[in-house]
Amino acid sequence: MITINRLLFKETSILPLVAFRIIFGSLMLIGSIRFLSYGWVEQLYIQPKFYFGFIKGIVPLSGNWMYVPFLLLLLGSLGILFGAWYRASAILSFISFTYIELLDKTNYLNHYYFVSLVLFLLIFLPANAYFSVDNYRNRLQSLTTVPVYTIGVLKFQLAVVYFFAGIAKINSDWLLHAQPLKIWLQAYRDLPFIGDYFATNWLAFAFSWFGCVYDLTIPFFLLSKKTRSYAYLFVIVFHIVTWLLFPIGVFPWVMIFSTLIFFPDSFHRRWLNQIQTLFRPLNICTETKTIKWFSKKVVFLCLIFYVTIQLALPLRCFFGNSSKLFWHEEGMRFSWRVMLLHKEGYATFYVKDARTNREIQVRNEDFLTENQVDQMSTQPDMIKQFADYLYRVYNDSVIHTNQEDFRITSPSIHAQVYVSLNGRPSQLFISKTHALQEKKYTFAPHKWLAPFNPAW
Amino acid sequence: MRSYSWIFGMLLLLVSCKDKKTNNQEDTFKKTELLTHLADNYILPEYSNLQSKVNALIASWSSFENQPTEVQFDTLKNQWKSAYIRFQFVKMFDFGPGMNQNLTMTLGTFPTDSVTIEANIQSGSYNLSSISNYDAIGFPALDYLLFKSNAYQEITTSLARKKYIREVVLKMKNEIDQTVSEWTTYRNSFVDGSSNSSTSPFSLLVNNYIRDYEVLKWTKLGYPLGANTGSTKNPNYLEARYSGIGKDLLSANLLALQNVYLGKGSNGTNGKGFNDYLIALGKNTTASTLTSNWNLFNQQCKALNSNLEEALTNETQQMIDLYNAIHNNTIALKTDMVGAFGVLITYSDNDGD
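Chains as they are written, first to last, in our numbering: chain A, 2 to 457; chain B, 80 to 432.
Any given hint could turn out to be false.
[Stated by the list, open to error] Simulated crosslink set (BS3-like; lysine-lysine; CA at most 27 Å straight-line):
(1) A:57 with A:448
(2) A:106 with A:448
(3) A:448 with A:433
(4) A:298 with A:156
(5) A:11 with A:227
(6) B:296 with A:433
(7) A:353 with B:312
(8) A:353 with A:441
(9) A:50 with B:296
(10) B:312 with A:433
(11) A:353 with B:296
By construction, these hints were calculated from the structure, which means they are not laboratory data.
Build the full structure now, drawing on both the sequences and the hints.
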């Protein structure tokens, strides 16, 4: 117990945590402004007719009301950044961000999941206890030290992202075929001077192997004092290269700046002092209120619980049918499986009516956006969701034609889907024989998915 | 374990370096070559072909308007027909200058809405640029106006009708002239745009190519066959139903897609096309499947009755066969070809999961 006590509750400088608060708040602010300015709220959350929600009942607000959660997020980011009404801001940010992400699987990205988790953690961390508006408002005692776990849990979270991303890369597609990097890199064949290298196999292999070793080892190199500076250089180079090559938005910058949490207070003191001189008056603080800590026991149990979940979620695929992970995508999300798949699919849906013996071929674009069609066509749970939606649309509906109208009373939804995975020839993904509205989407293996042929 | 991995990695690198020599074509294929060839030998000449055809259409309209004769009317109709066919060769380029003018929509939206057209003519007040008039303008509107029963009589006796036709034709000319002139400057950025981001010209080209293919499948065959209405045929969805040139338009559209795929220029010059890129990527099976499918479609299309409306009634199965063949080919086109190119269709962030 003494060791646990020391490991988790030893007092350490608050500066890395304060630095993280400022960095993460700024990134959230930039991220949400970017999202709003690109018109994505309209495109992704207002225009679609149908949403591939994660949880039943969590649906978009109607029309322009969808801007509200984004504005709340913006407000919350400002609150985090300045440490103003900090806990309320963190809760507001966490709820609005997570709500937005739960609306449509089409837009799921691992780094959005990462943001949700960090926002969740920030709710409980005393990141506003120093150099914050809350101090200035005389509401909060200024602290110079915090228990070590408050910083450690953020380090843990970052290490989990890297390490499991590395574990996920240990597969034959990535290591033995350099896929999907081979496909993505060859697209740069036209770059002046270096384009020829991008079309070669060896560069794809070099990137794949380097990426795998990098992800697996970087958390440890960042933890060690001796190697930290060099490791951070690698962090910068690695993420800038990915930022240049792949359309992954702000994620590289989130990682580059968040990783600074691994640096000690001496590092952060320098740049925080620089900013502090700008806000000199803010520093006046009379102690009025102290932060109320949870008991060590509660903190300890919560940490154990959180860590267990974070370790178990990415590993869950190994309890099922891991060899088909990329094909069926069971256990794919929330597992830091980043940049591993290049899937291209073509899904045709059919509505069969038993009574009239009619078959209707569905034009996906009549119901979904281009983005949604693209994502849905390769992901079984979304295919099932769309099939259920089509059932609701067509059940007891009247089809008008110039010759006659007929009513569909007992529709059966079928899909014929072909998918090409990581450069393999396309193969059957779902056969037209299954009546999808009758299938249940559970954690058990889906018999309605065609078996995977790994041949190239 | 890690040290072993490194040794293994080194070995792999050696092996793959050796690979490189045998796989030389892969290293040397450039998308810029494909885009340059396509722009200079296909897109620009085809747009100016369309431009001169539409100019000829205008000229014959003017002569007819000044001095209406049956002979002049036939010339006019023939000019319309050859311009409409030419349009099939460029309608897939619905990006850049073509999209600025929204050419694909304004010139080719069908079935045309005869009720709106008549209402417009009747009232005399209309804005041809408004979205609600998209199905009352362009080639399909002229199909109705020039080929409906008693058309000659109606046009020659109605000033309002003449005015409407003149404005429709002038609008078309205006938009094509704009597109042609914009393409002369857009050409250079098009030729350079070879990255795989969703807004690069190569991605725009591929995505619009696939879209045109799907539009062909649905609008020229699927809707008339009733693919989405439980096989109840809808002859009024047929393209150019009044003139009955739907089959010419279908085969021209297929030919255009084939030419771009193979890299065949408008005057027959051969250059780099999607086919060559696929071969450079080692996707020979996909390349040969697609090449032979294009020929198959041509044959199937040729074998159909010259009037698609008659084919729809009497050769339903042959038409369904062609539709199914085109539909099944989408798998090779959309999953294998686009998958190999690594082109992204999404405009938002993507972390490949």
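Right, here's what the structure says about each hint:
1. As the CA atoms of residue 57 of chain A and residue 448 of chain A are separated by approximately 24 Å, the hinted pair is consistent with the 27 Å bound.
2. Restraint check for residue 106 of chain A and residue 448 of chain A: the C-alpha separation of about 22 Å stays at or below 27 Å, so the hint holds.
3. Restraint check for residue 448 of chain A and residue 433 of chain A: satisfied, since their Cα atoms lie roughly 13 Å apart, inside the 27 Å limit.
4. With a C-alpha separation of about 21 Å, the suggested pairing of residue 298 of chain A with residue 156 of chain A holds against the 27 Å cut-off.
5. Proposed proximity of residue 11 of chain A and residue 227 of chain A is supported: the alpha carbons are some 22 Å apart, at most 27 Å.
6. The suggested pairing of residue 296 of chain B with residue 433 of chain A holds, with an alpha-carbon distance near 20 Å, which does not exceed 27 Å.
7. Between residue 353 of chain A and residue 312 of chain B the CA atoms are separated by roughly 17 Å; this keeps the pair inside 27 Å, and the hint holds.
8. Distance restraint check for residue 353 of chain A and residue 441 of chain A: the Cα-Cα separation of roughly 19 Å lies within the 27 Å cut-off, and the hinted pair is therefore satisfied.
9. At most 27 Å may separate the alpha-carbon atoms for a hinted pair to count; residue 50 of chain A and residue 296 of chain B meet this at roughly 24 Å.
10. A distance of roughly 23 Å separates the Cα atoms of residue 312 of chain B and residue 433 of chain A; the hinted pair therefore holds under the 27 Å criterion.
11. Note on residue 353 of chain A and residue 296 of chain B: the hinted pairing holds, with a Cα-Cα distance of about 21 Å set against a maximum of 27 Å.
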